[in-house]
Amino acid sequence: MSPAVDTVGAAEQTPELAQPYKELGLADDEYARVREILGRRPSSSELAIYSVMWSEHCSYKSSRVHLRQFGEKAPKTDILLVGMGENAGVVDVGGGWAVTFKIESHNHPSYVEPHQGAATGVGGIVRDILTMGARPVAVLDSLRFGPLNAPDTARVLPGVVAGIGGYGNCLGLPNIGGELYFDDSYIGNPLVNALCVGVMRADSIKLAKADGPGNLVVLFGARTGGDGIGGASVLASANFDEAHQAKRPSVQVGDPFAEKVLIECCLEIFAADLVVGIQDLGAAGLSCATTELAAAGTGGMDVDLDRVPLRDPTLAPEEILMSESQERMMAVVTPERLEEFLAVCGKWEVTATVIGTVTDSGRLRMTWRDELIVDIPPRTAAAEGPVYQRPIERPLDQEAVVGVDGRGLPRPRSADELRTTLLRLAASPNLADKSWVTDQYDRYVQGNTVLAQPEDAGMIRLDESTLRGVAISTDGNGRYTRLDPYVGAQLALAEAYRNVAATGARPLAVTDCLNFGSPEDPGVMWQFAEAVRGLADGCQTLGTPVTGGNVSFYNQTGTTAILPTAVIGVLGVIDDVTRRTPQGFSGDGALIYLLGDTRDEFGGSEWHAMHGFLGGRPPAVDFAREKLLAGVLISASREGLIDSAHDLSEGGLAQALVESCLRGDTGARITLPEGSDPFVALFSESTGRAIVSVARGDESDFIGLCATRGLPHTRIGVIDLLVPELDVQGQFRISLRELRAAWTRTLPSRFER
Amino acid sequence: MARVVVDVVLKPEILDPQGQAIVGALGRLGIVGVRDVRQGKHFELDVEDDLDDATVAKLADTLLANPVIENFAIRRD
Amino acid sequence: MARVVVDVVLKPEILDPQGQAIVGALGRLGIVGVRDVRQGKHFELDVEDDLDDATVAKLADTLLANPVIENFAIRRD
Amino acid sequence: MPVPFRVGVVTFPGSLDDRDAARAVRIGGSEAISLWHADASLHDVDAVILPGGFSYGDYLRCGAIARFSPVMESIVAAAHDGMPVLGICNGFQVLCEAHLLPGALIRNDHRKFVCRDQVLRVESTATRWTSDYREGQEIVIPLTNGEGGYVADARTLNELEANGRVVVRYLAGNPNGSYRNIAGIANEAGNVVGLMPHPEHAVEDLTGPGTDGLGFFLSLAGAPA
Ligand SMILES: Nc1ncnc2c1ncn2[C@@H]1O[C@H](COP(=O)(O)OP(=O)(O)O)[C@@H](O)[C@H]1O
Ligand SMILES: [Mg+2]
Chain U
1 MSPAVDTVGA
11 AEQTPELAQP
21 YKELGLADDE
31 YARVREILGR
41 RPSSSELAIY
51 SVMWSEHCSY
61 KSSRVHLRQF
71 GEKAPKTDIL
81 LVGMGENAGV
91 VDVGGGWAVT
101 FKIESHNHPS
111 YVEPHQGAAT
121 GVGGIVRDIL
131 TMGARPVAVL
141 DSLRFGPLNA
151 PDTARVLPGV
161 VAGIGGYGNC
171 LGLPNIGGEL
181 YFDDSYIGNP
191 LVNALCVGVM
201 RADSIKLAKA
211 DGPGNLVVLF
221 GARTGGDGIG
231 GASVLASANF
241 DEAHQAKRPS
251 VQVGDPFAEK
261 VLIECCLEIF
271 AADLVVGIQD
281 LGAAGLSCAT
291 TELAAAGTGG
301 MDVDLDRVPL
311 RDPTLAPEEI
321 LMSESQERMM
331 AVVTPERLEE
341 FLAVCGKWEV
351 TATVIGTVTD
361 SGRLRMTWRD
371 ELIVDIPPRT
381 AAAEGPVYQR
391 PIERPLDQEA
401 VVGVDGRGLP
411 RPRSADELRT
421 TLLRLAASPN
431 LADKSWVTDQ
441 YDRYVQGNTV
451 LAQPEDAGMI
461 RLDESTLRGV
471 AISTDGNGRY
481 TRLDPYVGAQ
491 LALAEAYRNV
501 AATGARPLAV
511 TDCLNFGSPE
521 DPGVMWQFAE
531 AVRGLADGCQ
541 TLGTPVTGGN
551 VSFYNQTGTT
561 AILPTAVIGV
571 LGVIDDVTRR
581 TPQGFSGDGA
591 LIYLLGDTRD
601 EFGGSEWHAM
611 HGFLGGRPPA
621 VDFAREKLLA
631 GVLISASREG
641 LIDSAHDLSE
651 GGLAQALVES
661 CLRGDTGARI
671 TLPEGSDPFV
681 ALFSESTGRA
691 IVSVARGDES
701 DFIGLCATRG
711 LPHTRIGVID
721 LLVPELDVQG
731 QFRISLRELR
741 AAWTRTLPSR
751 FER
Chain B
1 MARVVVDVVL
11 KPEILDPQGQ
21 AIVGALGRLG
31 IVGVRDVRQG
41 KHFELDVEDD
51 LDDATVAKLA
61 DTLLANPVIE
71 NFAIRRD
Chain W
1 MARVVVDVVL
11 KPEILDPQGQ
21 AIVGALGRLG
31 IVGVRDVRQG
41 KHFELDVEDD
51 LDDATVAKLA
61 DTLLANPVIE
71 NFAIRRD
Chain G
1 MPVPFRVGVV
11 TFPGSLDDRD
21 AARAVRIGGS
31 EAISLWHADA
41 SLHDVDAVIL
51 PGGFSYGDYL
61 RCGAIARFSP
71 VMESIVAAAH
81 DGMPVLGICN
91 GFQVLCEAHL
101 LPGALIRNDH
111 RKFVCRDQVL
121 RVESTATRWT
131 SDYREGQEIV
141 IPLTNGEGGY
151 VADARTLNEL
161 EANGRVVVRY
171 LAGNPNGSYR
181 NIAGIANEAG
191 NVVGLMPHPE
201 HAVEDLTGPG
211 TDGLGFFLSL
221 AGAPA
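Residue numbers (the working numbering), protein chains in the order written: chain U, 1 to 753; chain B, 1 to 77; chain W, 1 to 77; chain G, 1 to 225.
There could be a bad hint or two in this list.
Below 16 Å or equal to it, Euclidean Cα-Cα: the simulated EDC-like pairs (lysine to aspartate or glutamate) are [stated by the list, open to error]:
| hint | chain 1 | residue 1 | chain 2 | residue 2 |
| --- | --- | --- | --- | --- |
| 1 | U | Lys434 | U | Glu30 |
| 2 | W | Lys41 | B | Asp52 |
| 3 | B | Lys41 | W | Glu44 |
| 4 | U | Lys61 | U | Asp537 |
| 5 | W | Lys11 | G | Asp132 |
| 6 | B | Lys41 | B | Asp52 |
| 7 | U | Lys73 | U | Asp152 |
| 8 | W | Lys11 | B | Glu70 |
| 9 | U | Lys627 | U | Asp665 |
| 10 | B | Lys11 | B | Asp61 |
| 11 | U | Lys61 | U | Glu384 |
| 12 | G | Lys112 | U | Glu752 |
| 13 | B | Lys11 | B | Asp36 |
| 14 | G | Lys112 | U | Asp439 |
| 15 | U | Lys347 | G | Asp39 |
| 16 | W | Lys41 | B | Glu44 |
| 17 | U | Lys627 | U | Glu520 |
| 18 | W | Lys58 | W | Asp36 |
| 19 | U | Lys347 | U | Asp439 |
| 20 | U | Lys61 | U | Glu36 |
| 21 | U | Lys76 | U | Asp397 |
| 22 | U | Lys209 | U | Glu30 |
| 23 | U | Lys61 | U | Glu12 |
| 24 | B | Lys41 | B | Glu70 |
| 25 | B | Lys58 | B | Asp36 |
| 26 | W | Lys11 | W | Glu44 |
| 27 | B | Lys41 | W | Glu70 |
| 28 | B | Lys11 | W | Asp36 |
| 29 | U | Lys209 | U | Glu264 |
| 30 | U | Lys209 | U | Glu268 |
Because the hints were derived from the structure by calculation, they are not lab data.
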């Protein structure tokens, strides 16, 4: 029996029929607006479309009023080829090359089924990048979990890492960086943010629009199954007798092979210029792809849903519209080029089906079993969703949190105490060696990886002849952001910017992933508003526009939200990748300089975390100083004045020294600055700082550079290849063996059991 | 010593990329007459004779299968 | 439409890291009485009723199993 | 012998390091010709490389499905006639599945994908792909795989050892549980070589741990036809 389907006609006949809009997440006024737009009640398929398109995830209804600032405060720049709003922003990196990059979250699915959740997260962001017409060339992953020793972490982390690696490795995408943090607030709310970078010629950008009446709408890639349709089953069950209704998947399984083939297929299609427009199918699947393509194009589209290739023949139209099955794309093709298009798909054994045509009717019309089931103005679903002004209120406890500054905590004084503190910090989960995770990621594939973890930023060669390349880093610190969301977001931006500059690349543009609790909590909304304002102001000052990003709300258990976590990705360009600056010390006798100023700043620091304390104010941000520092790091790499550079961030100078010594497997003799408090000098997290090593011959030129630019620079030591130890003179000495043991043991000892 | 066999299969509604890839390969092998293939895991356990079913079930449910996406069947031969 | 099941197991002389890992994990779960675990693959085929055993055997021997390291068993239910 | 040597690099659905292998071939002074899995013709190449990757997603078993592609039939025949064939990582797995090389590759014993700079010892320089190295030479090239554990029955292993067919061996720790630390082997004639580590990712100082992998691509050009 074929189940009765709610048609547009039926909707007109039965205006008063009660519909399950609440179960689908629509508010009363939202449902009322749908009726007003259509001048009747929506058919159940139309209801399905509006409910997913107007969801928080797709419509950004809670965040949009704030995100506008990224546009309003956008710095003047001519590097932006495609700005916010498209699948991903596109940046002109010169030499005819364009780079697109974006970060996205897949938090909740990764909690439910860590491996598949993380895997499909990578798959989704890669399709966003591919859609712009680019070849994906690298991924980064920014991860947050509960405490290292929590059972929840033992369940989630290995699966997430295996999922990211399993999917990314199989696509042949080098993983060149990311983050890994642990904090109580992420128990039950792990954060899995994935970033993808893609490259194309500047003149071959593709856009998501269905232009040209008579052009064909082609669905290609995987077949459509009942994946991720959650709510839609409400509608389906309205039409199905239970017996007839098959069970719907609770979890989406990624098929990286299907995606890899889809990538190569699309790149061949792009190269032959066979599409007018293209869109990936992600959240809200067909509903999103059809409404957005139509809305951005000529304005109308006719779709025959019966033509959609199904994995599960029992799917109802509402479910087909909401299905989030992975590894699917939608293209708009002229009738003349269709044959060629299908031939390329055939070559790659990719299923491709014409399911509709572009019209100038201004309506999105869909039929099912020859009956009209959808007839809506696409813009109303895709672009004119609800916009909320959520109540905002500074949390009551904010003052209390900022009030206690942790001065009371016992600071290490003696040489022994300082030594122990350094080792404990180096071994602490947030600062320890991450290679147990990152060794599960292929960093070599594609043969263009110039820098990868544990370097400050990943770097990819774009062009083998000109040696032009890009560098990218993601950073974010929920502890800082909890203490001051405005400054916290800026600190994340500043660190990513600094990380990129440390490699010798010039920071150009920004992507962001904003992970917060429930927007219905005025306190959370305050954190969000402040973070966005801070980021927008910061980007304006640094001259690096936000090109796109992602908002993830409702990251909370009960009423307790995660630490507000703004993850910022900064992309930079370098004209000649052979000029890159590595992080590790090298070159016997080279001099070590500390750039920037150190203040007594421990709010949100890893030293506080070591004492289980969070309070006070985060380090101050000084963007003028960040720019100055970046300028010096870039010039110094161009002129070949420095052998290594490493930014100072969590753990301060001590941690940076540990990492640079171990990376280069070289010892160093350090003399802390005259009259400085050793504890502050070693562990403060003041920003705008970096350590560099300078060959003796280049010393005067380097000092000259810093002096003319007015950047504070202090000579703090020398590299010693003969003595394999970190020697902080007058304080303590630690052999590299002991350092390495402390730094590397933490993760394996937890997961290698 | 007894032999217990546990077969773990993806729930029917869950996508099985491996099975699909095999079906695709059959054509190239010139094998016709196979409509669908699902790939699962097969475990052979050597256990003490007195090991009770409850324990085996717990083992299957926690270690051998991922209950979120898989079902399992236990067989004693 | 008939259902054919093919179970593929590593030959005894080939070491089985996945099986060993499970044995290792048993202790932590407090499960005793399991001496050894071997992990193999389990295939469920939907085939035409008239598909002959020879074809299934060829399929198992050439594609589903690698005779160099694996043995297989065919079952029709 | 024609110089530059024409080296075919096969692309299967899911191949990843095909462009990388072609780059290494060029850096090694030969000409890279791309071959497509569905095209049985070898386009008169002098040698063939089966690159790394996840052909057919590595579903079922690594290399199990790629083995049945039309191009493989031609490669198997050509290999029997002495054409040099190099299988890297997934390519090694395909060669084993196709029975051009003995044994098989199974899941790493630690059951994780591993990406690391691997120290190897070149055990045999008597193959078409390793003549450029010194016997016993220690080299560092990337190892990146999830199923790199080389296994075979004792008879096969002894035979490989006895006839100098173990080409490269893992040093400084066995990264995947391979029997007898075997990282790569050759067929009896020495024209077919397979290894798990990626020499094509060690041909430029800029993008690899060094240039120790270059030897595989230079050996070819240097070797007598
Ligand atoms: N989940 C991850 N995936 C890939 N690389 C990671 C991941 N976590 C950390 N890294 C890498 O480890 C190194 C150290 O991380 P981190 O201390 O956050 O660097 P920084 O403080 O300079 O941003 C960086 O190169 C970073 O890219
Ligand atoms: Mg950081």
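Hints, verified against the model:
{"no.": "1", "hint": "U:Lys434 x U:Glu30", "verdict": "violated (46 Å)"}
{"no.": "2", "hint": "W:Lys41 x B:Asp52", "verdict": "violated (25 Å)"}
{"no.": "3", "hint": "B:Lys41 x W:Glu44", "verdict": "holds (11 Å)"}
{"no.": "4", "hint": "U:Lys61 x U:Asp537", "verdict": "violated (22 Å)"}
{"no.": "5", "hint": "W:Lys11 x G:Asp132", "verdict": "violated (38 Å)"}
{"no.": "6", "hint": "B:Lys41 x B:Asp52", "verdict": "violated (22 Å)"}
{"no.": "7", "hint": "U:Lys73 x U:Asp152", "verdict": "violated (41 Å)"}
{"no.": "8", "hint": "W:Lys11 x B:Glu70", "verdict": "violated (26 Å)"}
{"no.": "9", "hint": "U:Lys627 x U:Asp665", "verdict": "violated (30 Å)"}
{"no.": "10", "hint": "B:Lys11 x B:Asp61", "verdict": "holds (14 Å)"}
{"no.": "11", "hint": "U:Lys61 x U:Glu384", "verdict": "holds (10 Å)"}
{"no.": "12", "hint": "G:Lys112 x U:Glu752", "verdict": "holds (11 Å)"}
{"no.": "13", "hint": "B:Lys11 x B:Asp36", "verdict": "holds (15 Å)"}
{"no.": "14", "hint": "G:Lys112 x U:Asp439", "verdict": "holds (9 Å)"}
{"no.": "15", "hint": "U:Lys347 x G:Asp39", "verdict": "holds (11 Å)"}
{"no.": "16", "hint": "W:Lys41 x B:Glu44", "verdict": "holds (11 Å)"}
{"no.": "17", "hint": "U:Lys627 x U:Glu520", "verdict": "violated (37 Å)"}
{"no.": "18", "hint": "W:Lys58 x W:Asp36", "verdict": "violated (31 Å)"}
{"no.": "19", "hint": "U:Lys347 x U:Asp439", "verdict": "violated (34 Å)"}
{"no.": "20", "hint": "U:Lys61 x U:Glu36", "verdict": "violated (19 Å)"}
{"no.": "21", "hint": "U:Lys76 x U:Asp397", "verdict": "violated (39 Å)"}
{"no.": "22", "hint": "U:Lys209 x U:Glu30", "verdict": "violated (26 Å)"}
{"no.": "23", "hint": "U:Lys61 x U:Glu12", "verdict": "violated (29 Å)"}
{"no.": "24", "hint": "B:Lys41 x B:Glu70", "verdict": "holds (10 Å)"}
{"no.": "25", "hint": "B:Lys58 x B:Asp36", "verdict": "violated (31 Å)"}
{"no.": "26", "hint": "W:Lys11 x W:Glu44", "verdict": "violated (21 Å)"}
{"no.": "27", "hint": "B:Lys41 x W:Glu70", "verdict": "holds (14 Å)"}
{"no.": "28", "hint": "B:Lys11 x W:Asp36", "verdict": "violated (27 Å)"}
{"no.": "29", "hint": "U:Lys209 x U:Glu264", "verdict": "violated (22 Å)"}
{"no.": "30", "hint": "U:Lys209 x U:Glu268", "verdict": "violated (20 Å)"}
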